[in-house]
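Asker: One-letter residues, chain by chain:
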Amino acid sequence: MKFTPISQHSASRKGRLLLALTSVLLCGTALAQERGGTLTVGLSYDIDTLNVYSTGYLGDVQATVVEGLLAPDRNANYVPVLATTVPTIKNGGIKVSADGKQMSITYKLRRNVKWSDGTPFTSADVKFTWEAIKNPKFIAESKDGSEDVSSIDTPDPYTAVVNYKRVAPDYASTLFTFGIFPKHALEGKDLNTDVYNEKPLGTGPFKVKEFRRGQYVIMERNPLYWRKDSKGVQLPYLDQIVFKIIPDANTLVTQLKSGEIQMTPSVPYAQVTQLDALPNMNIVKNNVLSWQHLDFNFKGPEALRDLNVRQAFAYAINKSAISKALGGFPKPIDTVVVPVFSASNRNVVKYPYNPTKAKALLDAAGYKPGPDGIRVKNGQRMSYKILVQAGRANDEIAQQVIISSLKAVGIELQPDNKTGVAFREARYKGGYDVFYSGWITSADPVYSVFFKTGGVNNGQGFSNPKIDALLNRAENTLDPAVQKSALMDFQAELMKVLPTIPITTNLSVIAVTNKLGNFVPNPTNMTNFVNTSSWYLKK
Amino acid sequence: MTLNYLLKRMLGTIPLLLGVSLVLFGVLHLAPGTPMDVYADNPSVSQEALDQMKVALGLDQPLPVQYTKWVTAFFTGEWGYSIRTARPVVTEITERLWPTIILGGSSFFLALLVAVPLGVLSAVRRYSATDYGITFMSFLGISMPVFWLALMLQLLFAVQWRILPSAGMQTIGENSLVDLLRHLALPALILAFANVAGWSRYMRSSMVEVLSQDYVRTAKAKGLPHNKVVYRHALRNALIPVITVVALDFAGILSGAVITETIFAWPGIGRLFIESMNGRDYPVLLALMMLGSFALVVTNVLADLAYAAADPRIRYD
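As given, the protein sequences belong to chains A and B, one line each in that order.
For the first sequence, this note's numbering assigns the number 1 to the initial residue and increments by one for each residue that follows.
For the second sequence, this note's numbering assigns the number 540 to the initial residue and increments by one for each residue that follows.
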């Protein structure tokens with residue numbers, strides 16, 4: 001489970017790979033790129049390990065060291081990194097078996113790539129990575145995709161053929177995109193305790209110079225890096241990137257103001273205005289593919305299994321008031337597939353803000369206001385516990401708006417906020433009546449984890465055979481047209497049954513010095529630091 | 540006071556710590572969630588893998604067995620590995636201990652140096668402008684939220700005047716003492732401020748009470764100089780209740796200062812505790828809490844010794 005500092009809710013890696021469209025572009029100046037300089041970045045979380053597969057966070061630091069075969073670009077399209085092309089059915093890279101049940105993917109690897117210790121990178125490293133991740137002894141957060149692979153063939157040092165047990169349209173958002181392990185350095189080692197977790201060895205533009213726990217990580221130029229710019233100059237341009245660990249959001253902003261850091265990938269909404277006023281700071285907004293939602297627990301109070309009640313909730317909630325309370329950054333939505341996707345269905349049943357209609361629905365269904373204004377049916381007061389992750393300021397603000405919206409129609413919500421493991425447990429076991437949070441969706445969305453019967457993140461206990469069938473269809477095909485139509489139908493059905501109310505889609509805010517050239521935000525789960533080699537500091 | 544007494548006291552702490560360990564272990568396991576929950580909602584971590592992890596971490600065994608294993612290992616110095624970072628618990632803690640001791644220790648002594656004289660001054664000049672001034676500052680210090688004061692000072696010193704760093708423990712690549720002191724100044728000052736406020740109030744009220752006693756009047760009546768009466772006769776007696784309060788706060792140093800450490804990005808024990816709590820990292824949590832309890836027990840003994848030093852009538856045999 002990784003979570004970004006800005007959104008500490010998380011689905012699996014599959015449900016997590018988030019993509020963004022950049023609304024501000026900072027690159028493209030005609031100035032010559034200059035070599036040298038140190039970029040200091042503030043991170044808001046305490047790094048646990050520098051192993052991309054075991055960390056509980058997104059690997060901002062790791063992305064500067066470790067490379068995968070492919071990586072998502074700023075529009076979440078996959079581009080080759082250690083592979084020479086992105087395999088597709090068209091270019092023969094992906095072959096589906098005759099029965100349509102299995103597939104194999106052939107990666108052609110880049111030659112002349114060296115690990116930063118000088119050892120050449122080969123297909124043996126690719127195979128080793130899969131074996132190491134799959135090994136049950138390796139206690140890792142992210143093993144997504146490793147179970148889908150049945151074997152890997154390495155006919156020569158620059159070819160890796162990955163054989164899948166199933167047709168996996170989401171293959172690129174997992175395993176090899178995430179990072180390749182150096183076989184020569186890790187074979188036979190215990191990955192749980194190896195020094196790799198402190199000083200990962202990678203093929204990326206930087207290598208770890210010093211990692212002081214709870215304080216900072218210094219990355220220095222990898223002199224053996226394989227990328228060169230168009231003039232043949234060896235990349236990266238920067239000498240160093242320093243990541244400082246600053247857990248407090250206010251201090252992060254103070255450090256930006258005082259010039260002690262020059263960039264932070266996650267600014268709280270409330271702080272954006274004051275940073276925007278700084279003359280040498282750019283504020284970059286990313287339309288993250290995330291959606292905020294209010295879920296009902298189907299194993300909870302009986303009234304919540306009544307469709308009328310769920311519809312009343314939907315009509316009662318003022319989505320634009322929530323957006324306004326959060327500085328206008330979140331955008332109200334009507335379906336769980338966020339609008340940036342072509343598969344987002346605009347014709348689902350909508351529930352515009354209408355408290356009168358909400359009251360009428362509740363009246364008709366027999367929920368009558370009691371003496372204290374809270375509705376009652378069969379002696380049951382409409383009073384429920386609402387769970388939000390404690391400490392997430394944005395969610396807690398939205399929670400307040402939701403509570404007052406529902407109070408206006410005679411439903412009482414009591415905050416029952418939790419944090420850390422207690423929150424996780426409540427979330428996936430359904431320890432709530434209603435639950436407000438956010439999911440970050442993948443570039444190749446997998447919705448079954450949330451809505452399929454028994455889905456891993458389906459803590460609300462929702463089950464609907466029609467939804468299950470539609471999701472099966474969408475997630476077992478490589479044909480985009482079939483996938484799209486299944487997803488469209490899935491949304492239409494989901495909004496009729498209404499187990500969840502989609503509230504808003506959010507964006508993340510990056511603050512970065514205007515001296516940094518070639519910075520391209522990449523808010524997928526591969527982080528903004530996925531390709532730092534061409535970044536440079538203007539003098 | 541004899542060596543014998545000390546030995547007896549130290550031996551007495553062993554059953555106490557054992558009792559504490561049982562309570563801590565119980566409370567921790569009663570709290571919702573386990574370390575496995577971090578992995579449990581991940582579809583690619585199979586049930587078999589979870590079971591294997593459970594066995595590897597010893598979480599599959601009944602609680603009494605887990606406790607006995609942990610407690611024997613712990614008291615023989617085998618503190619195990621952190622579940623979150625897979626590093627030895629001892630390394631995790633010692634790395635964080637030094638920054639915590641620097642910050643907590645310096646603010647403690649700073650506070651002590653200021654609080655006692657302020658309290659005495661306040662008591663001796665009772666109802667004067669000085670007294671009211673000190674009292675006002677004390678209440679300000681007690682009621683001012685640490686995080687607010689920290690933000691204001693950061694803005695002044697780091698953003699407006701740019702004379703001190705706003706956070707962190709060292710400038711990257713610099714290891715000098717001056718650099719450390721510059722980073723230490725704000726957090727230590729803020730931590731000390733709150734303590735000065737509290738302690739000087741205790742000192743004042745204790746001193747006021749002693750100053751009104753008969754023996755002080757007698758001392759004054761027989762013509763002893765004012766300073767001698769205050770510092771030789773009154774202060775020593777007035778220190779006893781203050782020692783109790785100060786000793787309790789002293790033990791707290793080893794638990795870290797969560798808020799101050801977080802705001803100032805100080806790599807101390809308090810932050811380690813919060814991180815470990817959020818992941819239910821049992822080995823680290825238990826070690827940290829045991830360390831805190833141990834510090835409390837030891838400072839209690841130290842406080843008893845300090846009583847005897849302040850008041851010769853108190854003797855231990």
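Please note that a few of the clues may not be correct.
The list that follows gives simulated cross-link-like pairs (lysine to any residue, SDA-like), each with its CA atoms no further than 25 Å apart [as the list claims (entries may be wrong)]:
1) A/Lys257 / B/Ala625
2) B/Lys608 / B/Ile632
3) A/Lys429 / B/Pro571
4) A/Lys189 / B/Gly644
5) A/Lys199 / B/Ala625
6) A/Lys199 / B/Gly712
7) A/Lys539 / B/Glu617
8) B/Lys593 / A/Gly188
9) A/Lys137 / B/Phe696
10) A/Lys137 / B/Met575
11) B/Lys593 / B/Leu546
12) A/Lys189 / B/Ile711
13) A/Lys199 / B/Ile711
14) B/Lys593 / A/Val195
15) A/Lys496 / A/Ala469
16) A/Lys515 / A/Leu498
17) A/Lys429 / A/Ser463
Just so you know, the hints here were simulated from the structure itself, not pulled from any lab data.
On a predicted model such as this, the values are computed, not experimentally measured, just so you know.
Asker: Any hints from earlier that this structure breaks? Give me their numbers in increasing order, please.
Answerer: 1, 4, 7, 9, 11, 12 and 16
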